[in-house]
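Respectively, the protein sequence lines represent chains A and B.
Each residue of the first sequence is one higher than the last, beginning at 1 in this note's numbering.
Each residue of the second sequence is one higher than the last, beginning at 1 in this note's numbering.
To be clear, the hints were calculated from the coordinates, so they are not data collected in a lab.
Accuracy of the hints is not assured; some may be wrong.
Unchecked claim - Keeping only pairs whose Cα atoms sit at most 30 Å apart, straight-line, the calculated DSS-like set for lysine-lysine is:
1. B:K79 with A:K71
2. B:K45 with B:K79
3. B:K45 with B:K110
4. A:K71 with B:K110
5. A:K83 with B:K79
Stated by the list, open to error - Over the 12 Å line for every Cβ pair with chain B, so calculated as not near, a few chain A residues:
6. Q37
7. P43
8. K44
9. L45
10. K62
11. D74
Just so you know, these numbers come straight off a predicted model, no measurement behind them.
Think of the CB as a built atom: it goes at the ideal place given N, C-alpha and C, for glycine as much as any other residue.
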Amino acid sequence: EAGVAQSPRYKIIEKRQSVAFWCNPISGHATLYWYQQILGQGPKLLIQFQNNGVVDDSQLPKDRFSAERLKGVDSTLKIQPAKLEDSAVYLCASRPPRGGDEQFFGPGTRLTVL
Amino acid sequence: RKEVEQDPGPFNVPEGATVAFNCTYSNSASQSFFWYRQDCRKEPKLLMSVYSSGNEDGRFTAQLNRASQYISLLIRDSKLSDSATYLCVVNRANQGGKLIFGQGTELSVKP
């Protein structure tokens with residue numbers, strides 16, 4: 001079974017530029033999560049989707065971050081404009097519909113904002 | 001105060017040592033508990049779930065004390081391959097399975 005796919009794996013941009021990340025969850029996983037992991041910290045949930053609907057975006061900085069999952073499968077996370085403090089690893093995770101609490105993570109996108 | 005707090009690391013131990021990680025959580029509505037492992041520059045992966053009765057998986061033992069809101073992970077006979085960051089995680093099931101992660105404790109096992 002293929003795991004969660006993410007791209008790109010690495011991205012370097014200058015502050016005030018825009019960037020987008022893509023995630024394709026495990027087939028059949030209805031729930032998709034985006035996390036931000038700053039160096040030395042645990043992952044922090046940014047947004048949770050159930051199919052194509054948003055379940056929780058309470059910690060998403062909506063003035064600059066946006067995310068969508070239009071067809072309920074893959075998802076994109078965008079930052080516009082980026083700030084220095086957005087430098088982090090952006091992890092996508094998915095969870096099966098009746099598979100318990102375990103979340104399966106993708107390899108992440110490492111973003112550096114200069 | 002962070003919702004999930006772990007021992008500050010790093011822990012540096014010799015091969016064969018026993019090491020214990022501690023974690024506390026502040027939200028009594030938390031319903032499920034886990035330890036995830038994260039290798040350097042890799043994604044987190046579930047190590048084990050934690051049950052009130054305590055559970056063991058080979059050299060790993062996890063325990064939960066709901067009254068004290070305390071979770072622990074014990075690793076016996078540590079191996080070089082155990083070197084990683086261990087993340088304590090709680091789940092607020094009434095919030096769509098939202099996982100709250102601790103900051104992680106780094107373990108380095110030396111020969």
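Check your understanding: Since A:Q37 was said not to touch the interface, does its Cβ keep a gap of more than 12 Å from each Cβ of chain B?
Key -> The claim is violated: A:Q37 sits with its nearest Cβ about 8 Å from chain B, within 12 Å.
Does the no-contact call for A:K62 survive, Cβ to all of chain B over 12 Å?
-> Label holds. Min Cβ-Cβ 18 Å, cutoff 12 Å.
Original post:
Would A:P43 pass as off the interface with chain B, using Cβ distances and a cut of 12 Å?
Top reply: 5 Å, violated
Exercise. Under the criterion that the straight-line Cα-Cα distance not exceed 30 Å, is the pair A:K71, B:K110 satisfied?
Worked result: 48 Å, violated
Measuring Cβ to Cβ, find out whether A:K44 lies farther than 12 Å from everything in chain B. Violated, since 7 Å does not exceed 12 Å.
- Message: Just to be careful, I want the Cα atoms of A:K83 and B:K79 compared with a cutoff of 30 Å; is the pair within it?
- Response: Not satisfied, since the Cα-Cα distance of roughly 40 Å exceeds 30 Å.
- Claimed clearance of chain B by A:D74, with the beta carbon kept past 12 Å: 17 Å, holds
### Message
Hinted pair, alpha-carbon criterion (30 Å max): B:K45, B:K110. Please report holds or violated.
### Response
22 Å, holds
Just to be careful, I want the Cα atoms of B:K79 and A:K71 compared with a cutoff of 30 Å; is the pair within it?
45 Å, violated
### Task
Sort out whether B:K79 lies within 30 Å of B:K45, counting only the CA atoms.
18 Å, holds
*Grab the minimum beta-carbon distance between A:L45 and chain B and tell me whether it stays above 12 Å.*
6 Å, violated
Figure legend: structure checked against the earlier numbered hints; hints not met, in rising order: 1, 4, 5, 6, 7, 8 and 9.
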